[in-house]
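**Student:** The primary structure of each chain is shown beneath.
2 protein chains.
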Amino acid sequence: MRQFVVVGHDAPTTPDFSLDDLAGAAGRLDVLCRCVNSAFFLSHDIRTDVRAHLVLADEYTVTFDGSDLRRLNPDERSTAALVRNALEEREEAIGHIPVETSPGVSLTRRGFEGTVEDVAARGTVVQLHEDGDPVVDADPPSNPVFVLSDHHDFEPNEADLLADYAEERVSLGPKALHADHAITVAHNYLDTEGFTQY
Amino acid sequence: MRQFVVVGHDAPTTPDFSLDDLAGAAGRLDVLCRCVNSAFFLSHDIRTDVRAHLVLADEYTVTFDGSDLRRLNPDERSTAALVRNALEEREEAIGHIPVETSPGVSLTRRGFEGTVEDVAARGTVVQLHEDGDPVVDADPPSNPVFVLSDHHDFEPNEADLLADYAEERVSLGPKALHADHAITVAHNYLDTEGFTQY
Chain Z
1 MRQFVVVGHD APTTPDFSLD DLAGAAGRLD VLCRCVNSAF FLSHDIRTDV
51 RAHLVLADEY TVTFDGSDLR RLNPDERSTA ALVRNALEER EEAIGHIPVE
101 TSPGVSLTRR GFEGTVEDVA ARGTVVQLHE DGDPVVDADP PSNPVFVLSD
151 HHDFEPNEAD LLADYAEERV SLGPKALHAD HAITVAHNYL DTEGFTQY
Chain D
1 MRQFVVVGHD APTTPDFSLD DLAGAAGRLD VLCRCVNSAF FLSHDIRTDV
51 RAHLVLADEY TVTFDGSDLR RLNPDERSTA ALVRNALEER EEAIGHIPVE
101 TSPGVSLTRR GFEGTVEDVA ARGTVVQLHE DGDPVVDADP PSNPVFVLSD
151 HHDFEPNEAD LLADYAEERV SLGPKALHAD HAITVAHNYL DTEGFTQY
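So the protein lines, in turn, are chains Z and D.
Per the working numbering, residue 1 is the first one in the first sequence, and the count goes up by one each step.
Per the working numbering, residue 1 is the first one in the second sequence, and the count goes up by one each step.
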């Protein structure tokens, strides 16, 4: 399984935001929605062996599980509606027990550290870093976990935590990419790895 | 220069569409907006040496030129507003003379064939095809032009025209990708080509 954790530093933690202003008052939720798109969509297909975790302002995490996902569409607005729908049920998220808020989408009361700790237990955390090994030279783990940040850099405490958990550090190329583009490139390298036509 | 042509088969040709329903009544304009995002955005930067052409229902083409672009934001909605703004001035687009409708954005009364003919005169058309040569083995031209389709396949007449103009045929990998993801992957290969750290 491939997993992606995306940190939304300014993301909403209540459902009272407008779908008409995702890039503004909704704290750049558009960035997180594009990450979900990149994590799951293939042409006329969905990647079932993927999980994407959106960390909302270090308070909640919304998890999309490709094996159960329904009602996911590629546009930002409809994905944001799934996040808003998840936040409607935030009172039900008690402790670290996830609440399924729509098919394949669940909400957990857990911030960055709790989420990274959880995914690290089920896979190998790969840090994307400009000084890392070129991804083309790396031997990808069988269950990679990529941790990315929204339009802000990681906070120092987040970067430290990530460095502690990361078992590999790779670079996707010479240009710094948006998180959603990084997910697309990471998928492509994993897709083509060992592909005999390549 | 890198150029991308994206065909929007169901895209609007008048500005009377709602920004609240890009994936529905606006004919999947969300797909085209994500392609613009992938074509231009780097982390905290814009690719200036890029042009992206959105062909709207074979009637108009909206061109984004990275060297002059202003007011482009990553979210779908604000990019759709630039397209709508361009269509507001469609009466000014006479013959094949482009009308600049906002900084770096212009509208031309020209469909698929006219646009492909124009870009082919300034670059090398590369066809993305599942049976093409793996892009990692290809020697990219200095001014590549990638022609992509929205959520529909190319129409037979479009595919024939494209095959006539294409000088290379490459595959980006074993999985069929959405157009915006294909743009991201194409950029990454071109970015890393000959990059000494790679």
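No lab work stands behind these hints, which were simulated from the structure alone.
Worth double-checking, as some hints may not be accurate.
Any copy will do: because identical chains look the same in the list, a pair fits if it lies in one copy or spans two.
[Said to hold, decoys possible] No farther apart than 25 Å at their CA atoms in a straight line, the calculated lysine to any residue pairs in the SDA-like style are these:
hint: 1; residue 1: K175; residue 2: D20
hint: 2; residue 1: K175; residue 2: E100
hint: 3; residue 1: K175; residue 2: R109
hint: 4; residue 1: K175; residue 2: H44
hint: 5; residue 1: K175; residue 2: H96
hint: 6; residue 1: K175; residue 2: R71
hint: 7; residue 1: K175; residue 2: L87
hint: 8; residue 1: K175; residue 2: I46
hint: 9; residue 1: K175; residue 2: D160
hint: 10; residue 1: K175; residue 2: H152
hint: 11; residue 1: K175; residue 2: R28
**Student:** Against each hint, give a clear statement of whether it holds in the structure.
**Tutor:** Verification of the hints:
1. In the homo-oligomer, the alpha carbons of K175 and D20 never lie at most 25 Å apart, since the shortest distance is 31 Å inside one protomer and 33 Å across protomers.
2. Proximity of K175 and E100 under a CA criterion of 25 Å is satisfied in neither setting, with 37 Å inside one chain copy and 30 Å between copies.
3. Proximity of K175 and R109 under a CA criterion of 25 Å is satisfied in neither setting, with 34 Å inside one chain copy and 35 Å between copies.
4. Taking identical chains as interchangeable, the C-alpha atoms of K175 and H44 lie at most 25 Å apart only when they sit on different chains, with a minimum of 11 Å there against 29 Å within one chain.
5. For a Cα distance limit of 25 Å, the shortest separation of K175 from H96 qualifies neither inside one copy, at 37 Å, nor across copies, at 36 Å.
6. In this assembly of identical chains, the alpha carbons of K175 and R71 lie at most 25 Å apart only when taken from different copies (22 Å versus 34 Å within one copy).
7. In this assembly of identical chains, K175 and L87 lie within 25 Å of each other by CA distance neither inside one copy nor across copies; the values are 35 Å within and 33 Å between.
8. With identical chains, the CA atoms of K175 and I46 are at most 25 Å apart between copies only, with a shortest distance of 11 Å across copies and 28 Å within one.
9. With identical chains, the CA atoms of K175 and D160 are at most 25 Å apart within one copy only, with a shortest distance of 23 Å there and 35 Å across copies.
10. Within a single copy, K175 and H152 get their C-alpha atoms as close as 16 Å, which meets the 25 Å cut-off; across copies the closest is 31 Å, which misses it.
11. With identical chains, the CA atoms of K175 and R28 are at most 25 Å apart within one copy only, with a shortest distance of 22 Å there and 29 Å across copies.
Checked against the numbered hints above, the structure breaks hints 1, 2, 3, 5 and 7 and satisfies the rest.
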